[in-house]
Structure formats: structure tokens, C-alpha cells
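Peer 1: The chain contents come next:
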Amino acid sequence: MKLLLLAALAAAVTPALKSVEISLPNDETQFTGPDADLLNANCTGCHSPAMVLYQPRMDAAHWAESVKKMRETYKAPIEDADAARLPAALAAVQAR
Amino acid sequence: MIGSLLPRRSILLGAAAFAGTARAQRLVDLHLPGGPSERPTSAAWPQKGEMIVQRARPPLLETPFDVFDESVFTPNDRFFVRWHWGDIPTSIDAAAFRLNVHGHVATPLSLSLDELMKLPRIEYAAVNQCSGNSRGFFQPRVLGAQWGHGAMGNARWTGVRLKDVLDRAGVQPGTVAVRFAGLDQPLVPDGPDFMKSLDIDHARDGEVMIAFLQNGEPLPLLNGFPLRLVVPGWFSTYWMKMLSDIEVLSAPDDDFWMAKAYRIPDTPGANVQPGAKGFATVPINRMIPRSWITSHAEGARVPAGTPLSVRGIAMGGDAGVKSVALSVDGGRSWTDAKLGRDEGKYSFRRFDAVLPAPAAGDLTLLPRCTSTAGVTQSMHPIWNSGGYLRGQVEPTRIVAA
Numbered sequence: 001m002k003l004l005l006l007a008a009l010a011a012a013v014t015p016a017l018k019s020v021e022i023s024l025p026n027d028e029t030q031f032t033g034p035d036a037d038l039l040n041a042n043c044t045g046c047h048s049p050a051m052v053l054y055q056p057r058m059d060a061a062h063w064a065e066s067v068k069k070m071r072e073t074y075k076a077p078i079e080d081a082d083a084a085r086l087p088a089a090l091a092a093v094q095a096r
Numbered sequence: 001m002i003g004s005l006l007p008r009r010s011i012l013l014g015a016a017a018f019a020g021t022a023r024a025q026r027l028v029d030l031h032l033p034g035g036p037s038e039r040p041t042s043a044a045w046p047q048k049g050e051m052i053v054q055r056a057r058p059p060l061l062e063t064p065f066d067v068f069d070e071s072v073f074t075p076n077d078r079f080f081v082r083w084h085w086g087d088i089p090t091s092i093d094a095a096a097f098r099l100n101v102h103g104h105v106a107t108p109l110s111l112s113l114d115e116l117m118k119l120p121r122i123e124y125a126a127v128n129q130c131s132g133n134s135r136g137f138f139q140p141r142v143l144g145a146q147w148g149h150g151a152m153g154n155a156r157w158t159g160v161r162l163k164d165v166l167d168r169a170g171v172q173p174g175t176v177a178v179r180f181a182g183l184d185q186p187l188v189p190d191g192p193d194f195m196k197s198l199d200i201d202h203a204r205d206g207e208v209m210i211a212f213l214q215n216g217e218p219l220p221l222l223n224g225f226p227l228r229l230v231v232p233g234w235f236s237t238y239w240m241k242m243l244s245d246i247e248v249l250s251a252p253d254d255d256f257w258m259a260k261a262y263r264i265p266d267t268p269g270a271n272v273q274p275g276a277k278g279f280a281t282v283p284i285n286r287m288i289p290r291s292w293i294t295s296h297a298e299g300a301r302v303p304a305g306t307p308l309s310v311r312g313i314a315m316g317g318d319a320g321v322k323s324v325a326l327s328v329d330g331g332r333s334w335t336d337a338k339l340g341r342d343e344g345k346y347s348f349r350r351f352d353a354v355l356p357a358p359a360a361g362d363l364t365l366l367p368r369c370t371s372t373a374g375v376t377q378s379m380h381p382i383w384n385s386g387g388y389l390r391g392q393v394e395p396t397r398i399v400a401a
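Those protein sequence lines, which keep their order, are chains W and S.
So the first sequence is numbered by UniProt numbering: it starts at 1 and just counts up by one.
So the second sequence is numbered by UniProt numbering: it starts at 1 and just counts up by one.
Worth flagging that the hints you see were computed from the coordinates, not collected in a lab.
Errors might be hidden in some of the hints.
Said to hold, decoys possible - One side of the interface only, derived from the structure: several residues of chain W facing chain S at Cβ under 7 angstroms:
# : residue
1 : L17
2 : E72
3 : K75
4 : I78
5 : E79
Fair warning: this is a prediction, and the values are worked out from it, not measured in the lab.
Think of the CB as a built atom: it goes at the ideal place given N, C-alpha and C, for glycine as much as any other residue.
Bound conformation, chain W alone:
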């Protein structure tokens, strides 16, 4: 009896789970600089430029590994010609 009462009390004080609708802030940031078109076309489909710009400084060889991971693991639709240019562009945009 006491347990039932406790259960009823617990149910009474539990906030109801009501439907929720939110809107996420727009992220309109874009890469800038000489390789902006290349970077915006291939990187920002999945994530903000900040994901690149907040990484520690890396050389093109390290960025090449990252580009490979984005293509092979996360299936980013990056053409071979662009993939060849991206490592240097990523290293350069970090240095700006």
C-alpha cells in the first residue's frame, strides 16, 4: 500500500514528456582565401569550417590522412582531383 502510494507520488511529480520542437542556429560560416571554393565544396557539406580551423597546425602529409579518413570511413563524396589538392589547401588555410 505504501509502495503504491510512493509510486503514485513519483508519477505525480514527474514532468510529463511533451513533444518538443527546436530550431538549430544557422551556421553560415565559410572558408575564405584562395582555396575557399575547394574547401567549401568538399568539407562544409558535413561540418562547419571550425572543425578544420580549430585543429592544431598540421602539415599536408597529416591532412592527407584526414582526407583519406573522410573519404573512406565517413564516405565523404570527394572527387580524386579535389582529394589531391585538399591536403595542401587545408595546411594553407590553417596558416592564414
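Start from chain W and add chain S according to the hints.
Peer 2: Positioned in the frame of chain W, the structure of chain S alone reads:
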């Protein structure tokens, strides 16, 4: 028209940094070695107060560290946010939502929220910490979300036992693991959908929870409304947000997120030499003890010649906090801190101490936690390429003047 807007947007960007339309409120310096170290904050995210914006899309929002000085419980609107893929539902119909349980079970289930909430309730406090919390402090630096120390939070979670739900479905003999997935989806069709699994014995331990309340309120959508798995003592990667699918497996989970991602070296402390190869790895799992000074930020000024009151928070990882000691002489001598109220072994625990009056000059505060499992934080950093499992004593450098 769009073409004419682009240059202007580019110009605006220089001033607005990376916050986009989420208006930056201030810049926070995370003191990451070698930088970039500054991040904007924003209060533009739904159901959230001021958060450090590590990435707008998909959101990576870090808790500003001063929040941890206010309470051992992290307010829901300041709780960190981390999503892998950008396809996050922005509306949840509470009446239509179903939690599906299927796979190696006697009776597949499709539970409404009302049905789930009729099951017996459990409640406890537990720290939710990202596997990569503090990654930005690794040296040499590693790739990934460049978190400071704020990819963590502590809350009182209310929900039902995962075990009770599994028992209702009737787990079949030969089950080895249980896999969890949420409503978020990859942005590219063949990208790996985020899923994680626990061994069946862990899933049925009676502690792992399907939570519907966080600090007594429904979860913020960005923290996983309406349901989130709570795996106390384990890293957040297992705490599936917007939990909608539970699959009971009769074979080990060989999916990408267990077999390839979120793995740590199978070495003491998950520590390897930078560049090392050929070591075995295991899925990241239990947390380890950690502690931080919260009363003073890096670079704070304090009066010389006056006893110094300091306080902070500690966690035992997969156990409680047994003790916290403080050193101001690089670890040569330690003073026991006074522990605050025990909110449960998986919770943060407050500590405070009054230190002898410092002489004028630089001072490094070192807090060191020992867990009830007998594990003490190390003075030495570990390293692995994932930037996981940092747990060394964390210095706070201040100036007495």
C-alpha cells in the same frame, strides 16, 4: 544575387569568427598548447545557456569551466553537447515516439514513452564525460574535437533499468551483446550510422539506465530527448542520445563504431609512445579518477601573505572519490582536502582546502584524487593518437601578489 552576397559574408566572417548567426558573446581561452586556443561562446542554441562553440554543425558545445564551480550538478542548459552526424531530428512527437527492442529476443518490443514510464524507476547521480574530454591538452597534439576540460557534466538521472526492458523482451540464450542506436542519421547515405554496444552482462547489471529525466526535468533535445542511455562509470560514447533502437546480438558487435572507432591502446593507462605501432587496442570503457581546481582560473591573481582558500571537483571514474590531496610544491608534499557531500559514487564530489599563505610569485595548484577503488591520479601525462583517457593531475597556475 547569391554571388553578390558572398564577398560581404566573407568580410563579416573575419570579425564574427566562427559563430555564424549564433552571436558570439565572448571569447574563451582554453589554454591549449600551441593553439588555436580561443573559442567564441554563444547562447543561441535551443534549451541552452552560454556555451563554448567548438563547432556549430554538427554541434560540439563545451561547458564553460566556471559552471563547475557553482555546483557539483551541471545545469541542463549548460550541459555539454556532442553529435557525430548533422542529421539530428529537431522535433520529437512524444506520443508517436517508440523505443524498439529486437534481435535475439523472445518478443520484440515497440514501447511508447507512457509504457516505458510505467516500469519501476531508478535514480542516481553520474558524471557523463566525453571520451575525448581534454583532448586539446595532449602533447604532441592529436586530431579530433579540440576540447578543453568542459566536455563533461554531472546530473541526477531518472529512468528505468535497461535490464527490466531486456527481461520484458526475453533475451535468448547465446546472447553476447546489446547494441544501441538513436534517431540521428548520417548525412551521407552510406556513412556509418552511430551505434554502440555493451556486453550482455554489463547491459543486464541493473545499473545501466534508460533515462528520461536529467536533474528532474526532461532532457534537452541536444542532450538526447526523450531517452538517453546512462552507463555510469563509463565514457559518454556509450550513453546513446535519442535512444530509439536496442538490438540484442548473438555475435560480437563488429560494426565500425565498436571495431574501429573509440578504441584505446590495450596498455597500462592506454599510454603509448607517439608514433608507436603494433599494439593491441580495445574499445574505450571505464573512466578513471580526475580532479580540477574550480575556484581559480589559469592566471588568476591572489593576495600574497594570506591563507589561500581553494576548492574544486573530483570524480572517481568507475568508483567513488576516496580522497583528494593538494600540492603547491610540484608534488613533493600533499595536504588532504575536505570532501563535500557524497552524492553517490558516480557523481562529482566537491573538495576544498585552506592552503598556507603563499609568498609573492607564481604558484601551481595541483589537486590529486584517489578513488575508492584505490586508483590515484598520476603526475605523468599519457599519450595515444585518439586523445582519449587523459587523467593526469591537472595544474592550475596562479600568481600571488
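Peer 1: Can I78 of chain W be said to touch chain S, with a Cβ gap under 7 angstroms?
Peer 2: Since chain S brings no Cβ nearer than about 11 angstroms to I78 of chain W, farther than 7 angstroms, the hint is violated.
Peer 1: Report holds or violated for the interface hint on K75 of chain W, using the least CB-CB distance to chain S and a cut-off of 7 angstroms.
Peer 2: Holds. Min distance 5 angstroms.
Peer 1: Interface hint check: E79 of chain W, Cβ to nearest Cβ on chain S, cutoff 7 angstroms. Holds or violated?
Peer 2: 14 angstroms, violated
Peer 1: The hint names L17 of chain W as touching chain S; please verify it with the least Cβ-Cβ distance against 7 angstroms.
Peer 2: 5 angstroms, holds
Peer 1: Holds or violated: is the Cβ of E72 of chain W closer than 7 angstroms to a Cβ in chain S?
Peer 2: 11 angstroms, violated
Of the hints listed earlier, those the structure fails to meet are numbers 2, 4, 5, in rising order.
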